[in-house]
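**Student:** Below are the chains, spelled out letter by letter.
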Amino acid sequence: MARNSVGPALGQAAPGAWRKHIPERGIALVLFLSTILSILVTVGIIAVLLFEAVKFFGEVSFWEFITGTRWTPLFSSKQFGVLALVAGTTLTAALAMLVALPLGLLSAIYLSEYAPEKVRRPVKPILEVLAGIPTVVYGYFALLFVTPILRQISADISVFNALSASIVMGIMILPMVSSLSEDAMRSVPRTLREGAYALGSTKLEVSTLVVVPAALSGIVSAFILAASRAIGETMIVTIAAGQNPNFTLNPFVPIETMTAYIVQVSQGDAPAGSIEFKTIFAVALLLFSITLVMNLLSQYVVSRFREEYE
Amino acid sequence: MAVISQTEFQQRRARRKWLGRVFHGLCLLSVVIALGSLAVLLVYLLVQGVTRIDWSFLTSFASRHPDQAGIKAAMLGSIYVVIIAGAVAFTLGVATALYLEEYAARSRFARIAKINIANLAGVPSIVYGLLGLQIFVHSLHLGNSVLAGGFTLALLVLPIVIVAAGEAVRSVPPSLREGSYALGATRWQVIWHMVIPQAFPGILTGVILAVSRAIGETAPLIAMGALTFVPFTPDSPLSRFTVLPIQIFNWTSRPQAGFHEVAAAGIIVLLVILLVMNAGAVILRNRFQNKWE
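The listed protein sequences correspond, in order, to chains A and B.
The numbering of the first sequence is the working numbering, which starts it at -14 and goes up by one.
The numbering of the second sequence is the working numbering, which starts it at 7 and goes up by one.
No wet-lab data here; the hints were simulated from the structure.
It is possible that some hints are incorrect.
[Unchecked claim] Straight line, CA to CA, 25 angstroms or less: simulated SDA-like cross-link-like pairs of lysine to any residue:
{"id": "1", "chain 1": "A", "residue 1": "Lys103", "chain 2": "B", "residue 2": "Lys78"}
{"id": "2", "chain 1": "B", "residue 1": "Lys120", "chain 2": "A", "residue 2": "Leu271"}
{"id": "3", "chain 1": "A", "residue 1": "Lys103", "chain 2": "B", "residue 2": "Leu44"}
{"id": "4", "chain 1": "B", "residue 1": "Lys78", "chain 2": "B", "residue 2": "Pro203"}
{"id": "5", "chain 1": "A", "residue 1": "Lys109", "chain 2": "A", "residue 2": "Leu194"}
Make the full structure from the sequences, and use the hints.
**Tutor:** Pasting the structure below:
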């Protein structure tokens, strides 16, 4: 890189340094302010959610919100039991994890322990393509491909149901589970595996009794992150799971998740200041709190329970 | 430990080996299911939508009649919003990464800022939509505009850029910096002439990853108040708009099969854009790497 005037020539250091240092400070300040902005985003999120949620709880008791099981803010007889939405979110996220957890973990074990390098190398990025597909595409797939198949298997299944959305969501978060778990397994030192082989273990025993326990902190943290992602997922459940806040764990009937409710109200153009408008901030505050706790937990698991081998 | 007979040992060993083969099969099956799902998804979309894609689909506005509907407004909306989001996230992201890695590395402040960024990456995207609605649309009076949408998505993808740029900056060898300092360069001269050019492929990859995420986002823009039916192209940064994913969502939610076909066609266009961007990232990355290595 040829630059003629990187700095002043020797002997002129004093005036050059003076001219050099003013912009230096200015640049450092600009970069610092940008970093502050990233912290202000978090502050902004909390402030925005709290501001409207506090107004909401001025009109609706917190106790009713957190223990009620009927959610009808859009009807004339309004009830604000958020558990109806929490049940929908829990159901879809739990079913999605039921798909993503075993498939993701087994895929990770395959890629880390069994697959030859020439299989692993192309398969890993292709799997990650699944995580890069926009969620609205998965919503389309759930509603128009998976649901009709499910309805052929059982006539009890509604057009909108939690099951279809959950299966597709499970496929979507699978690469998150498998990629992060595989990274954790691959960082387990080879000596541990070889020690177990020397004692006569089979590959199955090495994988499940040595590698997985050694990588457990990374795997658990991947599971928590994936679950948090499933809880915050919006478009798949909005499109395929329905807009009926049923307090149920039946995966065959329409339900509504916290995220789908926010979309439903946003689409309806609820005027700012109305109770419907305030409900979405109360729901979003709850959603934000749940995912924040899970993300912190995932970081804690990694830092607290990490096994150090070197 | 109990002593076991020769025959029992052989039986157990055979059983352990058999279990091992079953487990190997299960692991392989999981990968096949995952890859198979991707294949089924892509083939299904192609079959549903590819016949619907032609020039008039790309150049027509949305319509009440599925056979006349097109994605002109949605595609232009997506492009404008994503350009704004990418430019803002690039500027703020690189500035933040440089501060955290070059100026404040290993400080308490940097540690807190990094934990904050990791958590921001995990905030559900719809929450960013509500942030954008209250800050950009209402407080700053930008309205439900292209600009407000771009800013909202910029905040959403900011953590991706910061993390990628941070990694790229950290991977620049210290010897390069020290060589420049030894020649009398100031901190910013070192960053501008040595660190940024070296880290550029990594930064670029991060920005493209961020833009790919932004272009597929639906929920935050709905929450922020983007339109679903737009029979015009946005003509200024303060114009109202829609984007491709919202248009696809709208068509998917309608009961008529004709609109589902149009939705599939829209999805194919969206996926092709994503594919081109990611391929572009790989090519650019390779070119820059050859140049500086």
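**Student:** Run every hint past the structure and note whether it holds.
**Tutor:** Cross-check of the supplied hints:
Straight-line distance between C-alpha atoms of Lys103/A and Lys78/B comes to about 43 angstroms, which puts the hinted pair past the 25 angstroms bound. Distance hint between Lys120/B and Leu271/A is fulfilled; the C-alpha atoms sit about 24 angstroms from each other, no more than 25 angstroms. Note on Lys103/A and Leu44/B: the hinted pairing holds, with a Cα-Cα distance of about 20 angstroms set against a maximum of 25 angstroms. Taking the CA atoms of Lys78/B and Pro203/B, the gap is about 37 angstroms. The hint is violated against a cut of 25 angstroms.
Using a Cα cut-off of 25 angstroms, the hinted pair Lys109/A and Leu194/A holds, with the two alpha carbons roughly 24 angstroms apart.
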